[in-house]
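Undergrad: What follows is the residue order along each chain.
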Amino acid sequence: MTTAHEVRAYPFSEPDRLTLDPTYARLRTQEPLSRVQFPLGEPAWLATRYHDVRTVLADPRFSRALAKTRDQPRTHPDEHLDDGLVGMDAPDHARLRKLVARAFTGRRVELMRADTERIVEGLADTMVEQGGPFEMVENFAIPVPVTVISEMLGVPAADRPQLRGWSEAMVSTTALPWEEMERNAKELFAYIGTLVAERRRNPTEDLLGALVKTRDEDGDRLSEEELVMHVTGGLLITGTETTASQIPNFLYALLSHRDQWELLCAHPELVPRAVEELVRWIPLNYSAMFARYALEDVQFGDVTVKAGEPVLGSVASANRDPEIFEDPDRLDLTREHNPHIGFGHGPHHCLGAQLARMELQSVLSTLITRFPTLDFADGEDGVIWKQGMLVRGPKKLRVVW
Amino acid sequence: MSRWAIAVDRTVCIGASVCANYAPEHFELRAGKSHPRVATTDPDEAVLDTAETCPVSAITVHDTDSGALLAPEE
Numbered sequence: 001m002t003t004a005h006e007v008r009a010y011p012f013s014e015p016d017r018l019t020l021d022p023t024y025a026r027l028r029t030q031e032p033l034s035r036v037q038f039p040l041g042e043p044a045w046l047a048t049r050y051h052d053v054r055t056v057l058a059d060p061r062f063s064r065a066l067a068k069t070r071d072q073p074r075t076h077p078d079e080h081l082d083d084g085l086v087g088m089d090a091p092d093h094a095r096l097r098k099l100v101a102r103a104f105t106g107r108r109v110e111l112m113r114a115d116t117e118r119i120v121e122g123l124a125d126t127m128v129e130q131g132g133p134f135e136m137v138e139n140f141a142i143p144v145p146v147t148v149i150s151e152m153l154g155v156p157a158a159d160r161p162q163l164r165g166w167s168e169a170m171v172s173t174t175a176l177p178w179e180e181m182e183r184n185a186k187e188l189f190a191y192i193g194t195l196v197a198e199r200r201r202n203p204t205e206d207l208l209g210a211l212v213k214t215r216d217e218d219g220d221r222l223s224e225e226e227l228v229m230h231v232t233g234g235l236l237i238t239g240t241e242t243t244a245s246q247i248p249n250f251l252y253a254l255l256s257h258r259d260q261w262e263l264l265c266a267h268p269e270l271v272p273r274a275v276e277e278l279v280r281w282i283p284l285n286y287s288a289m290f291a292r293y294a295l296e297d298v299q300f301g302d303v304t305v306k307a308g309e310p311v312l313g314s315v316a317s318a319n320r321d322p323e324i325f326e327d328p329d330r331l332d333l334t335r336e337h338n339p340h341i342g343f344g345h346g347p348h349h350c351l352g353a354q355l356a357r358m359e360l361q362s363v364l365s366t367l368i369t370r371f372p373t374l375d376f377a378d379g380e381d382g383v384i385w386k387q388g389m390l391v392r393g394p395k396k397l398r399v400v401w
Numbered sequence: 402m403s404r405w406a407i408a409v410d411r412t413v414c415i416g417a418s419v420c421a422n423y424a425p426e427h428f429e430l431r432a433g434k435s436h437p438r439v440a441t442t443d444p445d446e447a448v449l450d451t452a453e454t455c456p457v458s459a460i461t462v463h464d465t466d467s468g469a470l471l472a473p474e475e
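From first to last, the protein sequence lines stand for chains C and P. 294 is the number that this note's numbering gives to position 294 of the first sequence; each next residue is one higher, with no gaps. Position in the second sequence (from 1) plus 401 gives the number in this note's numbering.
There are no misleading hints in this set.
Part of the chain C face toward chain P, derived, beta carbon under 10 Å: (1) Leu57; (2) Ala58; (3) Ala90; (4) Arg95; (5) Arg97; (6) Ala101; (7) Arg102; (8) Phe104; (9) Thr105; (10) Arg108; (11) Ile341; (12) Phe343; (13) Pro347; (14) Ala353; (15) Gln354.
Capping the alpha-carbon separation at 16 Å, the derived lysine to aspartate or glutamate pairs in EDC-like fashion look like this: (16) C/Lys396 with C/Glu138; (17) C/Lys395 with C/Glu380; (18) C/Lys68 with C/Glu42; (19) C/Lys98 with P/Glu453; (20) C/Lys306 with C/Glu296; (21) C/Lys395 with C/Glu135; (22) C/Lys395 with C/Glu168; (23) P/Lys434 with C/Asp59; (24) C/Lys98 with P/Glu446; (25) C/Lys98 with P/Glu474; (26) C/Lys68 with C/Asp82; (27) C/Lys68 with C/Asp92.
In short, the hints are calculated from the structure, not lab data. Everything numeric in this text was worked out from a predicted model, so none of it was measured. Positions of the beta carbon are idealized from the N, C-alpha and C atoms, including for glycine.
Please take these sequences and the hints and turn them into a complete structure.
TA: What follows is the structure, encoded as structure tokens:
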């Protein structure tokens, strides 16, 4: 590459509800690999086209683990960003991921569907009892994933509200001071330590019990730090905040596209497809994150990413690439061809994707069946949004029906 | 020694390429979906791990002698 690339400040703008900054569309056409400068870390390449983003995420010529040794591009000084599976390459990554992956396969998740539906129906009963206006984030969206992942891991019901607080703090970017995030991380890991100790005394059949057993019988496969921080801590955080944010994001998207809500109410069989389309259309992450470092020179069109340089792939931009998706900015629940990468791609493809799909399907099915007249209580503009988090989502969304 | 048969259900595969990353000698992506590079292989723990790790359980491993399903675990 001979011409110098303009280095753009990134993220391009502050998050604004669920809108995607128009710069992505421009870059896809004019400069598919561009130079960006995050608030922290070294300058990086940003990939915006679908195929390029998939290459960045899946090609073994790119490493996640290398990021630990570098001043990696990031939005805030989170030293825990690379804790856990997302900071690893094969073979360490494969060794740890497989210990938990079997609990999250489609088949295992199907066995949890009936229980999840019961949890969701119970929350819908509460809506009916309390009547509208009903605040959906605290009272509906958060309890669903927190209850599901807690039951999987074996977190007692009384501890779950605290768990949710820790989880939220860990994905905060500027919403909380750095020291506050650190304190929350320490508390969460200390808490997991007590759960682990309990299972050493009294073995359990839940996922955490199984992990403790693996750790104690075969210490080479799982260290104590990996057990507490990387695996269990990672599952609790990623298993709650993302789904807890997507549920009100789904509601916002559907209620602000009333025709799509009505369509879904009339055709409940569209629910699985609707979940895929909403995951595609909603730019859940506020920005591209988790830089990959090139292990050798990699060519993207006329741009060479040199060995040792960081690249980020924008999933949100890839999911709006008109080369792949017809009329990509349109939310279309009937979309048939939808190979979105909303759950990522490659070795770090969301471990909990099938679980998230099942939870989101249960939520949509229940809401359209029981509350077809659902609407914003305070209008579309009355929704209050989270600020300074890694993922977008309403902080308060009140509904009536 | 028995051999293991590897199969990928391409109607289920979403092309996440977890397998091609974990066991590149056994799996590759063709037209966006996973494809076993070999129909059978000598027993190799990495193949079982990969089958267990597939996000949509599209990979199955059978023992060619006994026909027993080795992965994913039921």
